[in-house]
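If you're matching them up, the sequences are chains F and D in order. Numbering follows our numbering, with no gaps: position 575 of the first sequence is 575. Numbering follows our numbering, with no gaps: position 445 of the second sequence is 445.
Simulated from the structure, these hints should not be mistaken for laboratory data. Check the hints yourself; a few may be wrong.
Here are the simulated BS3-like cross-link-like pairs (lysine-lysine), alpha carbons at most 25 Å apart as the crow flies [stated by the list, open to error]: (1) D:K98 <-> D:K40; (2) F:K333 <-> D:K323; (3) F:K541 <-> D:K583; (4) F:K586 <-> F:K541; (5) D:K595 <-> F:K595; (6) F:K323 <-> D:K583; (7) F:K517 <-> F:K527; (8) D:K333 <-> F:K320; (9) D:K583 <-> F:K33; (10) F:K98 <-> D:K496; (11) F:K47 <-> D:K586.
Every value quoted in this text rests on a predicted model; they were computed, and no experiment measured them.
2 protein chains.
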Amino acid sequence: MTERYVFGTPFDTEAVLDKPAASPESALGHGLKLSADKKKVSYDLDKDDVIYGLGESLHGMNKRGFVYKTFNTDQTKHNEDQYSLYGSHTFILIEGAKGSLGLFTDYPGLVTYDLGFTDKDVLTITAEEADYEMYVITGKSGLEIITEFRKLIGKSYKAPLWAFGYGQSRWGYKCEDDIREVVRRHKENNLPLDAVYMDIDYMDNYKDFTLNPEAFPKFKEFVDEMKAQHIHLLPNVDAAIKIEDGYDMYEEGVKENYYCKDENGEDFIMAAWPGKSVLPDFLRPEVRRWFGLKYRFFTDAGVDGFWNDMNEPALFYSLKGLKETAEEISHLKDETDTLDLYSLWHYLDTMNALANKPEDYRSFYHEPEGKRIRHDRVHNLYGYNMARAASEVFNEIAPKMETLIFSRASYIGSHRYAGIWTGDNSSFYSHIELILHQLPNLNMCGYLYVGADTGGFAFHTSENLLKRFMQVSLFTPLFRNHCALGCREQEIYRFKDIDAFRNLLNLRYALIPYLYKSYVDSIENNKLMFTPIGLAFPEDKEARHIEDQLLVGDDLMIAPVYKANAAGRDVYLPEDMTLYLMKSDKDFTKTELSKGHHFINVDIDEVPIFVRKGKSLTLGKPAMSTAELE
Amino acid sequence: MTERYVFGTPFDTEAVLDKPAASPESALGHGLKLSADKKKVSYDLDKDDVIYGLGESLHGMNKRGFVYKTFNTDQTKHNEDQYSLYGSHTFILIEGAKGSLGLFTDYPGLVTYDLGFTDKDVLTITAEEADYEMYVITGKSGLEIITEFRKLIGKSYKAPLWAFGYGQSRWGYKCEDDIREVVRRHKENNLPLDAVYMDIDYMDNYKDFTLNPEAFPKFKEFVDEMKAQHIHLLPNVDAAIKIEDGYDMYEEGVKENYYCKDENGEDFIMAAWPGKSVLPDFLRPEVRRWFGLKYRFFTDAGVDGFWNDMNEPALFYSLKGLKETAEEISHLKDETDTLDLYSLWHYLDTMNALANKPEDYRSFYHEPEGKRIRHDRVHNLYGYNMARAASEVFNEIAPKMETLIFSRASYIGSHRYAGIWTGDNSSFYSHIELILHQLPNLNMCGYLYVGADTGGFAFHTSENLLKRFMQVSLFTPLFRNHCALGCREQEIYRFKDIDAFRNLLNLRYALIPYLYKSYVDSIENNKLMFTPIGLAFPEDKEARHIEDQLLVGDDLMIAPVYKANAAGRDVYLPEDMTLYLMKSDKDFTKTELSKGHHFINVDIDEVPIFVRKGKSLTLGKPAMSTAELE
C-alpha cells in the first residue's frame, strides 16, 4: 500500500506519473516523525534493522551507519568520505523488527540521509526545502514493497539484447584506426566483442553531434564496416554545448532561447570539455525534442548506441567563478613573504573549488512551462531529462533500429528512459565490492540496465584485478571495459592470460540467454534482477547481513571473490544449492552444498555460480558477438 | 643465512650496525637477477607465492599485485591509488614454492617495488640510483628468516608499560582546561585512561619546545596535577624550526650552522606548521645532540612521552617553489576569456603541487661528516634521525623516567630508537582492515611499538566504527584515539553506549599483562608480536591466503570484525582453538572449535579472542590506569 504526503509546493519531477491521492499530514504513521519545519522526517531504528536503497550511493548494500547527500555530482573519488555520486535515487527500504517500510522522498534538489550516523539508532531524511512529496509504502515483505514502488514509478527502460554483449572502451581512442585495432585484436584472439565505445575524442573540438573530420573521414562507411563485423559503435554525447560562432547547434539554441539563463537572463556560461559552453534547458519539452532530433546525425549513419555524459551537469567552472577566482589568487604573488598558512590554504581551496561549485548551481535557471526555477532546486533532473530527450525520439528517428542509451546522471523517473553506468570508478578492489553493493539498490530504484566501468576507469589496473572485476561484470547487463586517458591500457589483449579472459567472455555469452531473460522478467514484473539474500529469505537471520552475495534472476546466486590475492571466500547458502566452479562455459566442477556457511576455494580463473534448489544452470553456446548467438 | 651485496657507493644508513662480509656480485643466486645498470633486481614468482613486508605500506598483508614506492610522504589519503606513506621499510619476505627468501634493500632514497603488478609473475625492486646494499636472507622458514633479519638490524625500541595504557588525543585541545575536561569526563564515566596527547595547538606559534603561555601558564604544576591522576601528557614535537628573530632555538641553530642548506649554501627555507621554517640537519650527530637536549624543556617539567611529527619532512612549500608558483598563477587573471582547459588544469596542478614537491626534495642538502649530500638521496633517514636525537639522550636528561617516543616518519634502523604510529588515516572501515595488514609487516621490519589512530584521524567517525576500530586497537601496543580538527569529536564520552566502550577498555587493561609480556618477548627474541597464520603454519595451504587474522603473542589469535553492519565473519582455524566471545573481561562465552573454517556471529559489542591449543587466556584485573594495575 502506498500513501502519499505532500509538503509545500513540490516541483513535479515526473518520477511518479499516476499519483495516488494525497493523505493528510496527520495520517503520517509507521513511526515516522515530521519536524516542525517539515523538512525532516525521522524514524527510530531497531538494533538489527537493515536499510536498503539509495541506488548507486557509496558504502555497503546495507546503507546504515553513514550520511548520504543526493545531489548529482561528477565525483571521481569513490572513497568512504564522499556523500554524493552521479545519480540521486531517493528511495529507501527499512527491513526490521517492525516489519518492512519503503520511503520515497520525491525532491529533485539536495536531500540528506543520516541513516544512523549521528545517532546510531535514528534515521533522518532532510530535504533542503519543505517542498517535496513523501511516499510511504508498506507491504508484507521488502520484496513486495519494492514491486509496489516499481509499479508506482513505472516500467523500466528495456535495452536490446545486443546491449548485453561485451564492449571495449577507453578515453583515448582517437580515430577509425584506433577502433579498427581494438576490433582486430579481439577477433585475432577469438575474444567475443559487440561494441566499441567512442569517448569524447571522436568529436570535432568536443562539439556535440560532430566528428573530427580527419579522424573519421567517412563515418557512414566506417559504421557499415563495423556492422559487418557485428560491432556497434557507441558515441559519448555530453550535456554542454560549445560556444562557437558558426557552430550550427549552438547558434540554433541561442536563436530559440534554449539555454539555461543566469540571474540577468543571459545565457549562463560555464565550461565543460568543449571549453566555454552553455547548457540546454532539458526541463523544457521543446528543448528536449530539439536536442533529441540531433541524434539523427548518428542514427542516419547507422549508429544505434549512445552514452550521455557530464550531465549532472558537471561544471569545470562558471565564467563568473573563474574570473573571481583568478582575480583573487593573483594577489598571492604580492604576499609570498608575509603569507600565513591559512591564507595559502584559502587560495588553494579557492582554486580547487572552481569545479561543481554550489554557488554556481545556485546561479542559473530553468524555465519549464515558462516558470523560472533556480537550478539547484531541480538539479537532479538534469541528466534525467537529457537522457529522456533522446529516448523519446528514437522510435521516430530510428524506427528500425534497436537503440541503446545510458546515462551517467540520473534521478528516479529516468529509469523509464535509459540505463545508467556507475561513473568514474577506479581500478580498486574495493570498487569491485562496491558494484556488488550498488546492483540491488539500483534495481529497486528502477535501474535495470546497469554496470560499472570494468577494470576501473581511473588509476592503473593489474591483470588479476581485471579478472576479478570481469568475474562480477559478466553478470551485469552493461559489461564494459572502460578506462581513462593516462591509465594503463586495459584491453584484454594487453595481458598475458588471454585464454583465461576468453573463457570469461565465453561464459558471459553462454549466460546471455539466461541473463537477458531475467532482465526482461525483472522489467515486466517490477522485480529485482539482483536480489540480496536477506530480502529473498527474510526469515533467515543469517542472511540479513550478507552483503556480498546476490541472487541473479530466479535460478542463480553469485558470490564473487573481490579481494586481492584471495584464494577463496566464505559463502552463506540460505538453502541447499549446487556450486558450479567454472573455468569456462565448458570446464567446470559441480558440488552439492547444504544450507549454511561454507568456505570455498576459488582460483583466480574460476567463477563460482550457485544454482538454487530445484533450478538448473542453462548455458547457451558462446559466440563472437550477440548477433552470432544461436 | 645472510648474504650482503654492495652496489656502487652506498650511503651508510646505519640500519645494519654489524655488517656481514660482502659477497661478490657473481654469487647472487636464489633466482635473483640483477639488471645491467645494477639498479634493478628481479625475481620470477610462482602462482601462489606470497610476499610479506614493506612495513606500513598500503594494500593487503600479502603485498603482491601492486606497486610501492618507498619515499616517506605526508600522505593524508590512504587510498588504493597511493604508493607511499610515512615510513619506508624496505624488507620483503617471499614465501613460496621455492621456499622462503628475505630481501632487504638498504637504500635511503626512492625504491620502487613492482610486486607482480606490471607482470603478475615478476617481482622487481628498483633503486633510484645504483648505490645500495642488498641483503639476501635464507632460512628454513619465513619466521626463521624474519628472526635472522631482526637480529641483523638490531634490537627494537622498548616502550615502558605505561605506554600500553589508553590515550586520548585530538588536534584541537588548546589549553589546560581542555585537557582537564578530557580527564574528568573519562574519570566520571569510569573510563580507564593513561595519557592525553598535546597536538600542535599547545605551542607558542608552533615553535618547538615552547608553550602557549596563556594556555599553559603553570606547566610544571599542570604536569604534576595530571600525574597525580596517573595521566601522562605527550606533546607533539615537529621537525621544522620557525624562522623568528629572538626565538632562541632558531637563532642557536643559525649560529651553529645546524640547518639544511640550499644549492647556494644558505639555509633552506620551507614551510610547515610554524610558517616559514628551517630543517635541522638530523644526519649530523652534533645536531641530533643539540636537538635532543632541548627535550629538557619538557622532561624537566616531568613530561615523559613524545611523538615526533611532520618529519618526512613534510614541506607545505619551499619559499622558492611558492614564489615561482605565485608568479605563474598570477597570469590566470589575464587569460580567463581565452583559457583552454588544459591550461587551467596546469594552473590547478601547479598550485596543488606546492606541498612535498619532488623538485624541492632535490634542492637542499645535508652535511653528515662534512660531506654534502642531496636530500632526496637520504630522504628516508630524516624522521629516523629526528627520533634518534631524542632517544639517544633520554637516559642522560631523564634518567629516572620511563620515557616513550614514537614517530611518524621512519626507516629501518629507527626501530631501535622509537615506535611509530601509522599516520593520518581516516574514519574508514577500510582503515581498520589496513592496520590488521600493517601490524605483522611492521613487526618484521623491527617496529613493535605501533598502532593506528583509533577511530580515524581524518573524516567523521560513527559510534559503531569507533567500536570496531577499538576492538582491533585494544590489542596493539599503542592504543590511541586521535582525530583531526574539524572532524566529529570522538572521545568515548561523546557517544551513547559508554558502558560498551568501558567494557572494551577494561578488556584492554585486563590484557595488558599478556600483551606487554608478548611485546617484550618479541623484542628480546626478535619475533613477531603479530603473526600471520600463513607464516605460523607454513604447511597449511588454507592459512596462506588469510589476511585478516593474526596470532597475538604465543597464545592468542584475533579475527576482528571490520565491516560496517557485519553480524559476524568467517574465521579459519589452523588448529583446534577455544573461542572466547567477550563482551567484557568478565562477561564472555567460551566455545571449543575445531581446525577449519567457521562462521562466527559477533555482536557489535563483542570481541572474539581465540585461544590456541594447549594455551590459556590470562586476564589481569582492569584498572583506571596502568599505574593502578595490580
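Hints, one by one, checked against the model:
1. The straight-line distance between the Cα atoms of D:K98 and D:K40 is roughly 21 Å, inside the 25 Å bound, and the hint therefore holds.
2. Distance check on the hinted pair: F:K333 and D:K323 sit about 7 Å apart at the alpha-carbon level, within 25 Å; holds.
3. Proximity of F:K541 to D:K583 is assessed by CA-CA distance (about 21 Å); at most 25 Å being required, the pair is judged to hold.
4. Straight-line distance between C-alpha atoms of F:K586 and F:K541 comes to about 36 Å, which puts the hinted pair past the 25 Å bound.
5. This hinted pair checks out: D:K595 and F:K595 have alpha carbons roughly 21 Å apart, not beyond 25 Å.
6. Between F:K323 and D:K583 the CA atoms are separated by roughly 59 Å; this puts the pair beyond 25 Å, and the hint is violated.
7. Simply put, F:K517 and F:K527 have alpha-carbon atoms about 13 Å apart, close enough for the 25 Å limit, and the pair holds.
8. For the suggested pair D:K333 and F:K320, the alpha carbons sit about 12 Å apart, so the restraint of at most 25 Å is met.
9. Restraint check: the Cα-Cα separation between D:K583 and F:K33 comes to about 34 Å, which exceeds 25 Å; the hinted pair is violated.
10. At most 25 Å may separate the alpha-carbon atoms for a hinted pair to count; F:K98 and D:K496 meet this at roughly 22 Å.
11. Only pairs whose Cα atoms come within 25 Å are accepted, and F:K47 paired with D:K586 is accepted, the gap being roughly 23 Å.
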